[in-house]
Each structure stands twice: as structure tokens, then as C-alpha cells.
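The whole structure should be built from the sequences, with the hints applied where relevant.
Protein chains in written order, with our numbering: chain A, 1 to 261; chain B, 1 to 271.
Quick caveat, the hints were computed from the structure, so don't treat them as lab data.
We put the CB at the ideal spot given by N, CA and C, even for glycine.
Don't take every hint at face value.
[Claimed, not checked] Stretch-level coverage of chain B by chain A, calculated; a stretch enters the list once three of its residues show a Cβ under 8 Å from a Cβ in chain A:
| # | region |
| --- | --- |
| 1 | 69 to 78 |
| 2 | 148 to 158 |
[As the list claims (entries may be wrong)] Cβ-Cβ distance ranges computed for the label pairs, FRET-style:
| # | chain 1 | residue 1 | chain 2 | residue 2 | range |
| --- | --- | --- | --- | --- | --- |
| 3 | B | E173 | A | R62 | 57 to 65 Å |
| 4 | A | R37 | B | V12 | 51 to 59 Å |
| 5 | B | E261 | A | E134 | 38 to 46 Å |
| 6 | B | D5 | A | F74 | 55 to 63 Å |
| 7 | B | V12 | A | E149 | 42 to 50 Å |
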Amino acid sequence: MVDWSEVVRGLFTREAAFVVSVAILFVGLVLSYLLWRWVRSLLENAGIDEAVEGTPFERTARGFGTSTIGLLAFISAVAFYIGTVVVALNVAQLLNPNVFWSHFTGYLPRLFIAAVAIIVGMLVGDKAKLYVSERLRSIKVPEVELIPEIVRYSIFYTAALIALAQIGVATAALLVLLAAYAFGLVLLSGLAFKDLLAASAAGVYLLLTEPYTIGDEVRIDDKRGIVQEIDMFVTHIEADGEEYIVPNQEVFRTGVVRVRD
Amino acid sequence: MTPLDEVLSDIVAAVDAAFLFSPSASLYEDFAAAETDYDVVVVGPENAVDAPNFVELPLDFGDVTAQVRFGLEGAIDQELVAEGDTIACVTSVFEDGPDTVMRVQATEFSHSGVYDLFVNSRAEPAVIRNVFEVAIELGKKGQKGKPVGALFVVGDAGKVMNKSRPLSYNPFEKSHVHVGDPIVNVMLKEFSRLDGAFVISDSGKIVSAYRYLEPSAAGVDIPKGLGARHMAAGAITRDTNAVAIVLSESDGMVRAFKAGELVLELDPEEY
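Below, the structure written as C-alpha cells:
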């Protein structure tokens, strides 16, 4: 690696270096202001402000007199300005340069990514919660309220994990927890949806090949009647006054008798 | 008090319920917040204001009378109002916001069964609405500019299939199209030149076209002057639990039958 402090020392006298560093500070200020404006307009044009409308994070940000976009632009501008300050300090040779180049500047982008991960995670979590609760709105059971919250905090947890890993905190234990959680979720939903999966696999075959259609008289496992409806999961069979709703895997397991007269 | 105010207060004097047709959120909140001795019922295509008393309009009926009639029958059916109640309707005849206040008696309309047609039929309300929309569309444009007739039998498809026979190959065999899919309007328009009825299942799947219906027509009482297509429609709904929606070739009207009786008549030109 090139020793930058040696380069700077070779180029400037002590006084000139001080003047140059002040100039760098000033240019950095202007550039970070331009960056702030550019990020703002970029995010606005991407429709981010409409997308985050109504999420609790946006409301909190508005409570502090700013907005999500303002916050993101501010963070990037501050990160950039801290970078220029570090460069200026080095040019002026006010600090031990080696420590700085190797540690702080390496750390800065990680800090920036961690902050962005937290903000994006909170926004996506809130948004996902809103979306899920909107989809479940027609189900008026109090327990259902839990599902959007679970979705939201799962996303928060993942975002926090990313942020912590970025700034170098040991996250192995938290990762194990996440893996256990994900595994449990997959296992449980696999168990819960076992019958539905079997029914839909059978349903695909029934819909594609149509061994029997609406209007046929059939007998499935002692249930005899006219087929009224076939969908992915069930077959509706109607006899006088009784409608059997037969899961499609049952059709496969016991076979179908088509009644011909 | 000016005479105009007097007329208005006479209209709304001592009503048992107020019907708001597709109210804006602020209008509804004014009604909901006020202490009133009448009930507030919202009637509209969707319950945008989350009102507890709500009657869903499945179709934009075009004229206000049909809307009021549907709202009334729905409210009576849901027991939001009782027969004989006096009701003030706030609705809009022209676009943009409420412009009409109307006083109606819940008995003034004989029970036409139009609410029953949508809500208490075997087929889902959305399916019946979609079939209506196809029929209206077909009635407006016709097939290549010429007026066409069509007969849709909706719901109880298994029984309908057993009470009919194919006139030719079924173009919908092994296809899985449902009314309401965008492609379907085009397909139905093309197939409407075929003779015979369309059979549609409870969930909206188009089971067959080209069906010749063979119900027993005994005891079917439909207005004189309607043709064989309407007679078949009336008869099949009497024999099964299906509803039938007919587009008349001769006068271009869309008519709906349930349990052998004519329940709704719409003019596609009014849409």
C-alpha cells in the first residue's frame, strides 16, 4: 500500500498542507450538500415517499420534522462529509495517519450500511405488516392479528442482524436463533399444509385430464351423486339434499366410479 | 324558514332510517357522529366507510329507482329495516356527490326478488354480476354489429347438464375459463352466434356452450310475447336451483329468471 502521508509530506510544506486541508473541508461541504440534494431527488423520483407513506417509521420521522427520504439523504451526506473531514485531517497531518486510514475509513462504509439496513428493515417490516393485515382483513378473528406482527418483527430481526453483522458485533448466537426459527416455520407449515398440498397435487391431475366433469354421476367411497364443481382442492358431489365436499386426495386414494346408465 | 327548507324538512320528517348511497367518508362520519333517532344504512358497491349497516350493490343499476329498490330489499332481507318503515334516501342522480333526497315507504315496492337473485342464489354474487356484465356488453355491441341473443344458465351446473343435451361439440371441454377473466368476454361473444345455452357453474367456470335445455315447461308463467329462449330460461330455473340470464335478440333487453319467474329487466343501452 502506498504511504499517503509520505506523499502528502513530499508535496506540500506544513503551511500549504493546512491551507489545502481547509480547501478540502470547504469543497467537501459543497459536495455533500449536492449529494444530499441528489439523493433526495433520486429517492423522490423513485416514488419512495409514496411507498413509505403511512408507515410508523415515516410518521416518527415526520414527528421530528424530517422524513424518511430526508433521513436517508442526511445519512449519506454526513457519511460523505465525515470522509472528507478525515481526508482533510490527514492532509494537515494533525493525526497519526496510519491508524486512521486503516481503521476509521474502513469502518465508515459499514456504519453507513448498518444505518441504511436498519431504516430499510423498519420500513419494509411496517409495509409488510400493513400488506398482510390488509389481506387478512376479511377474517375477523382476534388471533389473526398476530400474524402481521410476526411478519413485521421477523423482518425487524433480520434487519437488526444485518446491521449488527456490519458493525462487527458477534451475531453467531442470533443467527442460530434465526435458523431455528426459520426451520420451525418451514416444518410447522409443512405439517399444517400437508393435506392441502396432497389435495392440490391430485387436483392438478383431475383438472388437466378431467376423468369426470361437472354433470357426471360418480361414486367416490360410498358417496354417490352428481358432480357440481371441481377445483384445486375439493370436488363437490351432490345427491338429493346432500352435498359432499370430497378432498381430491381421497379421489385418488379410493378411486372413482363413474355411474353410467 | 323558506318554502324550500319546508319541503326538505317535510321529506325527511319522522323517518325510520336514512339510506346513504355511496357516501363520501366525511358525509358518513357526520351521520355516524350525530345523535339521531333513525338508523343509518350505507348502500354502495363497496363498504368504503366501514359502516356496520351495509347493503352491497352488486351492479351499477343505472337508474336510481332500481338502486333504491335493491337497497330496500337488501335492508329488509338483512332486517336493518322493517316492512312499512319510512326511509329517506340520500343519493346522486347526476355525477359528483349527493344531489337528491328521496322519501320512500318500505312497502311501496312489491318484493321483486332482485336482492334475492344476487345474494341467495347458489352461484356466488360476483359470478352472477360478471354474467350480467357480459350480457350487457353483448347487448350493447352485438356480434359484429348485429343484435344477438344469448342464454346463460348460472349455478347448479351438474343438474342443468343432466337436464340438457349437447347440440354439438362443447368448445369449453377441458378448458378452465371462468366468467370475469378478460379473455372470456371475447370468447363468449364469438360463441354467442352458436345456438343453445351457456352453462356456468356455482364458482363461475364455463362448463359448456351449445346446450339444448330440456326442462319440463309445465307451469312456467312468463310474460306473453317473449320467445322460446325466455321460455327455456324460465323453465330451467323452475326445474333446478340455477338462475338464468337472457339477452333478447328481438328487443335487446337483458332479463334474469329465478325459480321460473322474471325478476329483473335491464336495458343495456342505459349503461
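With a C-beta cutoff of 8 Å, work out whether three or more residues of the region 69 to 78 of chain B approach chain A closely enough for the coverage to hold. violated (count 0)
Per-stretch coverage check for the region 148 to 158 of chain B, three Cβ contacts closer than 8 Å to chain A: holds (count 3)
B/D5 and A/F74, beta-carbon distance inside 55 to 63 Å? holds (58 Å)
Falls inside 38 to 46 Å, the C-beta gap from B/E261 to A/E134? For A/E134 against B/E261, whose Cβ atoms are near 41 Å apart, the range 38 to 46 Å holds.
Go ahead and decide if the range 51 to 59 Å is satisfied by the Cβ distance of A/R37 to B/V12. Taking Cβ atoms as reference, A/R37 and B/V12 lie about 57 Å apart, which means the hint holds.
The hint says 42 to 50 Å between B/V12 and A/E149; measuring C-beta to C-beta, is that right? holds (46 Å)
Cβ separation of B/E173 and A/R62, checked against the hinted range 57 to 65 Å: holds (59 Å)
Hint compliance for this structure: hint 1 is the single one not met.
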